[in-house]
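Whole structure, please, built from the sequences with the hints as guidance.
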Amino acid sequence: MDIWVRIGVVLLLVAGLALPAGAFTADRLDMVIDENGAAIVTFDYTLSWIERIAVFFKIADPSDEFKKALETFSGQSVESVALDDHAASFRVEHFAKISRSGNETTYTTPAIDLRDAEQALNSYWFAPLVQADFSPAVTTVTFPDGSVETLENVAEIPKVSRTLAATP
78 MDIWVRIGVV LLLVAGLALP AGAFTADRLD MVIDENGAAI VTFDYTLSWI
128 ERIAVFFKIA DPSDEFKKAL ETFSGQSVES VALDDHAASF RVEHFAKISR
178 SGNETTYTTP AIDLRDAEQA LNSYWFAPLV QADFSPAVTT VTFPDGSVET
228 LENVAEIPKV SRTLAATP
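Quick note on our numbering: the sequence shown kicks off at 78 and runs consecutively.
There could be a bad hint or two in this list.
[To be verified] Below are the EDC-like pairs computed for lysine to aspartate or glutamate, each with C-alpha atoms no more than 20 Å apart in a straight line:
1) LYS174 - GLU226
2) LYS145 - ASP190
3) LYS145 - ASP222
4) LYS236 - GLU148
5) LYS236 - GLU112
6) LYS145 - GLU170
7) LYS236 - ASP162
8) LYS236 - ASP193
9) LYS145 - GLU156
10) LYS174 - GLU233
11) LYS145 - GLU181
12) LYS236 - ASP222
13) LYS145 - ASP161
14) LYS174 - GLU156
15) LYS236 - ASP111
16) LYS174 - ASP111
17) LYS174 - ASP222
18) LYS174 - ASP161
19) LYS174 - GLU148
20) LYS174 - ASP162
21) LYS236 - ASP161
22) LYS145 - GLU233
23) LYS236 - GLU181
24) LYS145 - ASP104
25) LYS145 - ASP121
26) LYS174 - ASP107
Treat the hints as calculated values from the structure; they're not laboratory data.
Written out as structure tokens, the structure is:
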């Protein structure tokens with residue numbers, strides 16, 4: 078019987094080594110700015126099976142990490158609007174800084190460095206099992222006039238400014 082236990086242990090080890098590494102993928106980041114500078118920020122992501130387990134057991138939650146990053150970079154409190162296992166949406170008051178000159182209004186969003194979320198991930202026990210990509214495939218910033226700034230595969234999202242003429 079002892080030999081069967083050893084064979085079972087070896088088979089479990091081999092199976093564990095054969096499992097694919099998990100991957101966290103940032104799919105899309107959308108920031109929609111209103112005329113007062115508030116924003117609805119939506120972060121779409123894909124979780125690996127390891128991360129789904131971690132979220133289920135409340136060990137790690139990417140939406141919490143993203144919320145912390147938003148609070149850090151915007152300097153504002155962040156309200157959760159909608160959460161599920163693939164996306165998180167937040168409302169951030171005064172997200173974009175507003176400056177006015179004559180009949181023009183300039184909106185400037187804060188720079189956001191998503192690499193900080195990667196550092197947070199590294200503190201979890203499952204970090205060696207996960208290959209994380211915190212660069213959203215597409216990042217959009219939509220301004221009050223409907224104009225859109227688009228970035229692709231960028232983890233360090235720079236400040237984005239747009240000057241709009243006042244509408245009569």
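Against the structure, the hints come out as follows:
no. : hint            : verdict
1   : LYS174 - GLU226 : 16 Å, holds
2   : LYS145 - ASP190 : 12 Å, holds
3   : LYS145 - ASP222 : 29 Å, violated
4   : LYS236 - GLU148 : 15 Å, holds
5   : LYS236 - GLU112 : 17 Å, holds
6   : LYS145 - GLU170 : 15 Å, holds
7   : LYS236 - ASP162 : 28 Å, violated
8   : LYS236 - ASP193 : 17 Å, holds
9   : LYS145 - GLU156 : 11 Å, holds
10  : LYS174 - GLU233 : 19 Å, holds
11  : LYS145 - GLU181 : 32 Å, violated
12  : LYS236 - ASP222 : 18 Å, holds
13  : LYS145 - ASP161 : 17 Å, holds
14  : LYS174 - GLU156 : 18 Å, holds
15  : LYS236 - ASP111 : 17 Å, holds
16  : LYS174 - ASP111 : 11 Å, holds
17  : LYS174 - ASP222 : 16 Å, holds
18  : LYS174 - ASP161 : 29 Å, violated
19  : LYS174 - GLU148 : 15 Å, holds
20  : LYS174 - ASP162 : 31 Å, violated
21  : LYS236 - ASP161 : 28 Å, violated
22  : LYS145 - GLU233 : 16 Å, holds
23  : LYS236 - GLU181 : 19 Å, holds
24  : LYS145 - ASP104 : 19 Å, holds
25  : LYS145 - ASP121 : 16 Å, holds
26  : LYS174 - ASP107 : 17 Å, holds
Checked against the numbered hints above, the structure breaks hints 3, 7, 11, 18, 20, 21 and satisfies the rest.
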